[in-house]
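Novice: Those protein sequence lines, which keep their order, are chains H and D. Per this note's numbering, the first sequence starts with residue 423, numbered consecutively. Per this note's numbering, the second sequence starts with residue 51, numbered consecutively.
One thing to keep in mind: the hints can contain errors.
Computed list of lysine-lysine pairs in DSS-like fashion (alpha-carbon distance at most 30 Å, straight line) [as the list claims (entries may be wrong)]:
#, chain 1, residue 1, chain 2, residue 2
1, D, LYS226, D, LYS213
2, D, LYS113, D, LYS179
3, H, LYS469, H, LYS654
4, H, LYS469, D, LYS271
5, D, LYS179, H, LYS431
6, D, LYS213, D, LYS57
7, D, LYS113, D, LYS256
8, H, LYS654, D, LYS226
9, D, LYS271, D, LYS359
10, H, LYS425, H, LYS654
11, H, LYS425, H, LYS581
12, D, LYS213, H, LYS654
13, D, LYS271, D, LYS256
14, H, LYS466, D, LYS226
15, D, LYS179, D, LYS57
Simulated from the structure, these hints should not be mistaken for laboratory data. Everything numeric in this text was worked out from a predicted model, so none of it was measured.
The residues making up each chain are set out below.
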Amino acid sequence: MLKKFLENKMAVAMTGLVFIIALIGLFAPVLAPHDPYATNIMNKFAKFSMDYPLGTDHLGRCVLSRMIYGIRPTLGLATLTMFGTIGLGAFMGFMAGYFRGWIDEIIMRVVDVMLSFPSQIMVFAVVALLGIDVRNVILANVFIKWAWYARMIRAGVLKYRDKNYIQFSRCVGNKESFILLRHLLPSISSELAVLASLDIGWAIINISTLSFLGLGVQAPVPEWGAMLNEAKNVLTTNPVQMIAPGIAIVVLVTAFNLLGDALRDVLDPKEAS
Amino acid sequence: MRNYIIKRVLGAIPLLICISFLCFVFINLIPSDPAEVALRVSQVPVITEEIIAETRAAMGLDKPYLVRYLDWVINCLHLDFGISYTNPDRTVGGELLRCLPATLVLAGASLVLVIFLSLPIGFFCAVYKDSWFDRITRGFIFMTTAMPAYWVGLLLMWLVSIKFDLLPTSGNGSWKHLILPAFTVSLTYISTYIRLIRNNMLENMKEDYVLYANVRGLPQKSILVKHILKNSLHTCIVAVGMSIPQLIAGTIVVENVFAWPGLGTLCITSIFNRDYPVIQTYVLLIGVLFVVFNLLFDIIQTIADPRLKNEVS
Chain H
423 MLKKFLENKM
433 AVAMTGLVFI
443 IALIGLFAPV
453 LAPHDPYATN
463 IMNKFAKFSM
473 DYPLGTDHLG
483 RCVLSRMIYG
493 IRPTLGLATL
503 TMFGTIGLGA
513 FMGFMAGYFR
523 GWIDEIIMRV
533 VDVMLSFPSQ
543 IMVFAVVALL
553 GIDVRNVILA
563 NVFIKWAWYA
573 RMIRAGVLKY
583 RDKNYIQFSR
593 CVGNKESFIL
603 LRHLLPSISS
613 ELAVLASLDI
623 GWAIINISTL
633 SFLGLGVQAP
643 VPEWGAMLNE
653 AKNVLTTNPV
663 QMIAPGIAIV
673 VLVTAFNLLG
683 DALRDVLDPK
693 EAS
Chain D
51 MRNYIIKRVL
61 GAIPLLICIS
71 FLCFVFINLI
81 PSDPAEVALR
91 VSQVPVITEE
101 IIAETRAAMG
111 LDKPYLVRYL
121 DWVINCLHLD
131 FGISYTNPDR
141 TVGGELLRCL
151 PATLVLAGAS
161 LVLVIFLSLP
171 IGFFCAVYKD
181 SWFDRITRGF
191 IFMTTAMPAY
201 WVGLLLMWLV
211 SIKFDLLPTS
221 GNGSWKHLIL
231 PAFTVSLTYI
241 STYIRLIRNN
251 MLENMKEDYV
261 LYANVRGLPQ
271 KSILVKHILK
281 NSLHTCIVAV
291 GMSIPQLIAG
301 TIVVENVFAW
311 PGLGTLCITS
321 IFNRDYPVIQ
331 TYVLLIGVLF
341 VVFNLLFDII
351 QTIADPRLKN
361 EVS
């Protein structure tokens with residue numbers, strides 16, 4: 423598996439890119455040339471220079487520093503969303519697929535209702551209900567997305583639960599929890615990895631969209647969507663402001679999309695043969 | 051056939067009940083008392099326990115849960131969705147009706163763009179597979195999946211309206227105002243459908259009936275249009291039909307960028323103002339639209355496709 427992964431240039435390159443971006447975000451205090459919150463109204467909308475490589479915004483804050491600090495909420499929140507979604511979805515999916523019966527019935531009916539709602543509207547509804555806050559944005563994203571994972575994981579569990587090796591494991595008296603964690607989870611994890619890396623791009627766009635609308639990360643915190651919201655107000659006078667955050671989002675999402683495609687090639691035995 | 055339609059329509063009813071119940075529960079899950087929120091939002095100066103109790107009775111909040119749900123559903127069926135918190139002299143139904151035309155115009159224009167752009171582009175991509183045209187289109191499609199709609203909107207606004215001063219930046223008034231928002235909304239769907247049509251056609255090209263048509267010596271043009279395209283369109287029509295409510299819901303972000311006075315703008319303002327009845331009705335409306343359009347195009351597909359029709363009967 424690892425060898426195949428290393429042979430796939432795209433997978434390695436994109437993992438590297440994402441890793442580097444994450445590291446830059448992690449070491450933001452060291453790498454950022456200025457304090458992302460330090461305003462200097464005398465120096466607003468400064469041009470590109472050695473001191474301010476990407477210029478300054480409408481409050482004279484260093485755009486490059488804000489971009490670097492912006493990696494934290496963007497990547498961090500998206501990762502958190504994915505962990506929440508996969509956790510809840512996997513739990514529900516395993517429950518439904520493994521125990522069948524009325525548990526399956528109830529969970530899958532709920533999943534059906536969840537999937538019949540347009541996801542974007544549900545995010546807005548949940549944020550409206552719980553109040554405008556970052557935590558609620560994550561909750562909303564998890565709340566609308568888990569159903570997809572529950573359905574996929576249930577299908578996976580159904581595919582594997584009566585395989586010989588699992589029946590054997592049950593015969594020799596292994597505990598059900600052992601079978602779930604050691605036999606079923608690894609079988610499904612490759613499909614899960616592909617879906618998750620494709621969906622994390624979706625989560626990034628979704629979170630930045632909410633921040634752009636003012637429903638997510640709030641004003642002084644540097645976040646790419648929120649930066650674009652500020653750029654929107656000065657679109658006529660200083661269009662340069664909207665370039666850097668936009669490109670950053672596109673690059674990061676593209677990296678995850680390419681990574682997802684590459685992972686599918688690596689992990690899908692059908693494609694390989 | 052008739053039995054099938056009746057079965058499908060009846061099958062949608064539990065889903066509609068679930069959606070309406072979710073919407074009802076939604077407004078009752080607000081951490082604060084709805085009566086208190088209503089009073090505060092409509093700026094009643096002094097809020098006493100008595101006034102809250104009075105409002106609770108007036109809003110019917112003192113009745114049991116299920117009774118209130120039934121009352122609410124019956125009111126909704128009479129198209130009475132309650133009164134806006136922020137504007138007590140306006141009904142929610144009236145507010146939605148005021149904003150609905152603008153959104154429908156935008157969604158309609160986007161739908162037209164989606165159909166007229168993705169169909170020919172997808173067709174030529176499949177016909178000239180791996181040509182430079184196909185490659186460029188595929189690259190473009192890949193780019194659009196990574197671009198947030200609002201950023202595309204900002205870029206277009208800057209390039210077309212500010213740099214070249216061709217079209218107005220925001221608001222609605224003439225058809226000129228419509229072009230940029232409609233294009234922005236439709237962009238993601240265009241890439242989806244180009245890919246769908248292209249892949250469908252490429253798959254159909256491998257079928258036996260195409261080989262047979264070739265053996266019969268039919269001209270390539272007629273095979274492509276009459277056989278392959280026609281067979282590829284079935285799934286596309288259904289997919290486009292089912293995405294109509296998605297288009298209506300999807301305008302929410304783009305409306306905000308271009309200051310388009312439709313449902314999306316209303317929804318965002320309502321979220322900021324905590325105008326819960328408006329949000330509730332909006333979510334209900336979109337949910338119902340989803341169920342109805344899915345049902346409608348499912349039935350249309352079954353009627354239009356002889357293979358499915360035989361399977362059903």
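Novice: Now tell me if each hint is right for this structure.
Specialist: Results of checking the hints against the structure:
1. D:LYS226 <-> D:LYS213: 16 Å, holds
2. D:LYS113 <-> D:LYS179: The hint is violated at about 65 Å.
3. H:LYS469 <-> H:LYS654: Holds, at roughly 18 Å.
4. H:LYS469 <-> D:LYS271: Judged against 30 Å, a Cα distance of about 56 Å means the pair is violated.
5. D:LYS179 <-> H:LYS431: 25 Å, holds
6. D:LYS213 <-> D:LYS57: With a Cα-Cα distance of about 56 Å, the restraint between LYS213 (chain D) and LYS57 (chain D) is violated, given a limit of 30 Å.
7. D:LYS113 <-> D:LYS256: It is violated: about 64 Å lies between the C-alpha atoms, which goes past 30 Å.
8. H:LYS654 <-> D:LYS226: At roughly 21 Å apart (the allowed maximum being 30 Å), LYS226 (chain D) and LYS654 (chain H) satisfy the hint.
9. D:LYS271 <-> D:LYS359: Measuring from Cα to Cα gives roughly 29 Å; hence the hint holds.
10. H:LYS425 <-> H:LYS654: Since the Cα atoms of LYS425 (chain H) and LYS654 (chain H) sit roughly 46 Å apart, the hinted pair is violated (cutoff 30 Å).
11. H:LYS425 <-> H:LYS581: 27 Å, holds
12. D:LYS213 <-> H:LYS654: 15 Å, holds
13. D:LYS271 <-> D:LYS256: Answer holds: LYS271 (chain D) to LYS256 (chain D) is near 16 Å, not above 30 Å.
14. H:LYS466 <-> D:LYS226: 34 Å, violated
15. D:LYS179 <-> D:LYS57: 42 Å, violated
Of the numbered hints listed earlier, those contradicted by the structure are 2, 4, 6, 7, 10, 14, 15.
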